[in-house]
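Following the hints, position chain B against chain A.
From first to last, the protein sequence lines are chains A and B.
Sequential numbering from 462 applies to the first sequence in the numbering used here.
Sequential numbering from 462 applies to the second sequence in the numbering used here.
One or more hints might be untrue.
Pairs involving identical chains hold if they fit within one copy or between any two copies, as the list cannot separate such chains.
Claimed, not checked - Subject to a maximum C-alpha distance of 20 Å in a straight line, what follows is the list of computed DMTMM-like cross-link-like pairs (lysine to aspartate or glutamate):
| id | residue 1 | residue 2 |
| --- | --- | --- |
| 1 | Lys-744 | Glu-552 |
| 2 | Lys-491 | Asp-623 |
| 3 | Lys-594 | Glu-582 |
| 4 | Lys-506 | Glu-479 |
| 5 | Lys-491 | Glu-598 |
| 6 | Lys-491 | Asp-616 |
| 7 | Lys-686 | Glu-479 |
| 8 | Lys-523 | Glu-480 |
| 9 | Lys-744 | Asp-672 |
| 10 | Lys-686 | Glu-552 |
Calculated from the structure, these hints are not laboratory results.
There are 2 protein chains.
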Amino acid sequence: MSTGSLYGPVQADLALVEETLQTVTRVDHKPLASMLSLALSGAGKRIRPALVLLAGTFGDYKLDVLVPLAASVELLHAATLVHDDVIDNSEVRRGRPTVNKAFQNSIAVMVGDYMFAHAAELVTRTESLEVIKLFAETLMMMAKGEIGQDVQAYDPRQGIQDYLQRIAGKTASLFATACKGGALVAQAPPHWIEALYRYGHHLGIAFQIVDDVLDFTGDEAELGKPVGSDLMQGTLTLPSILVLERYPHDNPVQRYFHERRPELVAEAVALVRNSDIPEEAHKVARQFGQDALKALATLPSTEARHTLEGLVEYVLRRRS
Amino acid sequence: MSTGSLYGPVQADLALVEETLQTVTRVDHKPLASMLSLALSGAGKRIRPALVLLAGTFGDYKLDVLVPLAASVELLHAATLVHDDVIDNSEVRRGRPTVNKAFQNSIAVMVGDYMFAHAAELVTRTESLEVIKLFAETLMMMAKGEIGQDVQAYDPRQGIQDYLQRIAGKTASLFATACKGGALVAQAPPHWIEALYRYGHHLGIAFQIVDDVLDFTGDEAELGKPVGSDLMQGTLTLPSILVLERYPHDNPVQRYFHERRPELVAEAVALVRNSDIPEEAHKVARQFGQDALKALATLPSTEARHTLEGLVEYVLRRRS
Chain A
462 MSTGSLYGPV
472 QADLALVEET
482 LQTVTRVDHK
492 PLASMLSLAL
502 SGAGKRIRPA
512 LVLLAGTFGD
522 YKLDVLVPLA
532 ASVELLHAAT
542 LVHDDVIDNS
552 EVRRGRPTVN
562 KAFQNSIAVM
572 VGDYMFAHAA
582 ELVTRTESLE
592 VIKLFAETLM
602 MMAKGEIGQD
612 VQAYDPRQGI
622 QDYLQRIAGK
632 TASLFATACK
642 GGALVAQAPP
652 HWIEALYRYG
662 HHLGIAFQIV
672 DDVLDFTGDE
682 AELGKPVGSD
692 LMQGTLTLPS
702 ILVLERYPHD
712 NPVQRYFHER
722 RPELVAEAVA
732 LVRNSDIPEE
742 AHKVARQFGQ
752 DALKALATLP
762 STEARHTLEG
772 LVEYVLRRRS
Chain B
462 MSTGSLYGPV
472 QADLALVEET
482 LQTVTRVDHK
492 PLASMLSLAL
502 SGAGKRIRPA
512 LVLLAGTFGD
522 YKLDVLVPLA
532 ASVELLHAAT
542 LVHDDVIDNS
552 EVRRGRPTVN
562 KAFQNSIAVM
572 VGDYMFAHAA
582 ELVTRTESLE
592 VIKLFAETLM
602 MMAKGEIGQD
612 VQAYDPRQGI
622 QDYLQRIAGK
632 TASLFATACK
642 GGALVAQAPP
652 HWIEALYRYG
662 HHLGIAFQIV
672 DDVLDFTGDE
682 AELGKPVGSD
692 LMQGTLTLPS
702 ILVLERYPHD
712 NPVQRYFHER
722 RPELVAEAVA
732 LVRNSDIPEE
742 AHKVARQFGQ
752 DALKALATLP
762 STEARHTLEG
772 LVEYVLRRRS
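With the rest of the complex left out, here is chain A (with noise of 0.2 Å):
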């Protein structure tokens, strides 16, 4: 599937989203407008604010409120990517140097609280108190989720079950949000807003999976970041926790949580690689893509529910 179809009816109506993220970046404060363009730049797949075009199909589908809140959504994703690259340190984000990197770590603390008022004051555009809740208790969630991985940082005691409660938190949040606040506005049915948030859940889970599985599997070049960051940051994901659960007697992951020579972290990689536990991992991502695609059943058939279709297969095969 071409990128160019990736979104079928919205794929134009995203241009102006990205007009709407453009204006985000005009401040009277030169250090601050640069520092905007550099978290909002990059190619970002944007598939969060897609997610609220195509839901807000199932209704009244109004660009005047649907557009805002599809910038909201994906500012607030932008937002949470440069306070998780001040706490990781991270240097590299999709082949740019991070905020952090670029200025310093105490200045995009602050950049990122902006980015984050700013899309609270998107997401009032809609005029839904119901939208606004929504989103505060995403965020909520989104932190609780980056608390729940920072606190059990090198900690090997965790399964599958606390991985996944994580990224629900972490990820899924914001991806069944997207979904129901588009179907919210738009003023869609009830049971069809429903749907849409269980597709966003069950998607969220299948496409953080997978960019867990690529950080092992990937490329450098095509990641835009180290392979194996994830573990050298202490996270475990779900190779590394199917490692742990393979070689409960000695590995790699355990080895590094105790030593933190990076050459665990390389070991670790070669090791996941060389195993079926990327295929395994796959197959669980696979299970939640089905959860989301029975989801959509009850949804009519159209250009947009194929569409939404769609993209499971894209979050399962995607490269990068």
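Then chain B, alone, in the frame of chain A:
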């Protein structure tokens, strides 16, 4: 004036705000719960929530919306402190360890985000889109003010106007929003809302100037943080700007910015203490205090108005 009567007619209702803040710390996530307790503990003056309630008396004093709004303002303030402490790498605040010191910088970023999100959730309980928008804009102004402070760190080319603009965003915007928000949800008459907004703005500027003077003249035990900490971070405030203006050719502030030797901070502190600079800075603060009082002139002569007048005096006289 004893603290007992500081907030006059709304003193008792502040206990309800405290209760709401306590519920924020009750989360089913132990590490987060203790971090939130730490961030919200300590003898905060709770002046911002008091302003919300006092402003609310000029309209329909409805506690069911004023209390969540007041708690939201305080939570927003506490969230910015958590992020400020990360940025400044501060170790002590109000005599207690900071969240970043007690836990980790990285986790403190996320705890602050969680608090922002929860503040957003609380403000939605007012069901007022206008107040929600006001909050989003205020957070943007605060973040801009902080970014300005960071970008200008260690830059001696800053005058009093730069400083006043910075603290207008960083501090006065939330004071003004507390007053305006309280009056808005109470549906006070528009010209009273406007007057309370101006009062809050001027009070906030005066408050920050006094704060910045205390950073030089205060007692470490009373302040709950080291003396001279602003300058140590490279932040120019009114007293250090006055040092630069008075001794343009050679002074310890300029030398500290060049050489970064901590002894020079102690030298600058001593220079300020042994001069009339604190008095001159206080004079500027008093002018803003006068403007705050003038803004109140159009309001009816109620107990709440007298309390607001008394707060100007309190802010100007405070020692910690």
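A quick look at each hint next to the structure:
1. In this homomeric assembly, Lys-744 and Glu-552 never come within 20 Å of each other (Cα to Cα): the closest approach is 32 Å inside a single copy and 47 Å across copies.
2. Proximity of Lys-491 and Asp-623 under a CA criterion of 20 Å is satisfied inter-copy only: 15 Å between copies versus 43 Å inside one chain copy.
3. Proximity of Lys-594 and Glu-582 under a CA criterion of 20 Å is satisfied in both settings, with 13 Å inside one chain copy and 6 Å between copies.
4. Taking the closest pair of Cα atoms, Lys-506 and Glu-479 come within 20 Å of each other only inside a single copy of the chain (12 Å); across copies the shortest separation is 43 Å, beyond that limit.
5. In the homo-oligomer, the alpha carbons of Lys-491 and Glu-598 lie at most 20 Å apart only across protomers (19 Å), although the nearest pairing inside one protomer, at 32 Å, exceeds that limit.
6. Within a single copy, Lys-491 and Asp-616 get their C-alpha atoms only as close as 42 Å, which misses the 20 Å cut-off; across copies the closest is 16 Å, which meets it.
7. For a Cα distance limit of 20 Å, the shortest separation of Lys-686 from Glu-479 qualifies neither inside one copy, at 24 Å, nor across copies, at 45 Å.
8. With identical chains, the CA atoms of Lys-523 and Glu-480 are at most 20 Å apart within one copy only, with a shortest distance of 17 Å there and 41 Å across copies.
9. Proximity of Lys-744 and Asp-672 under a CA criterion of 20 Å is satisfied intra-copy only: 14 Å inside one chain copy versus 58 Å between copies.
10. With identical chains, the CA atoms of Lys-686 and Glu-552 are at most 20 Å apart within one copy only, with a shortest distance of 8 Å there and 33 Å across copies.
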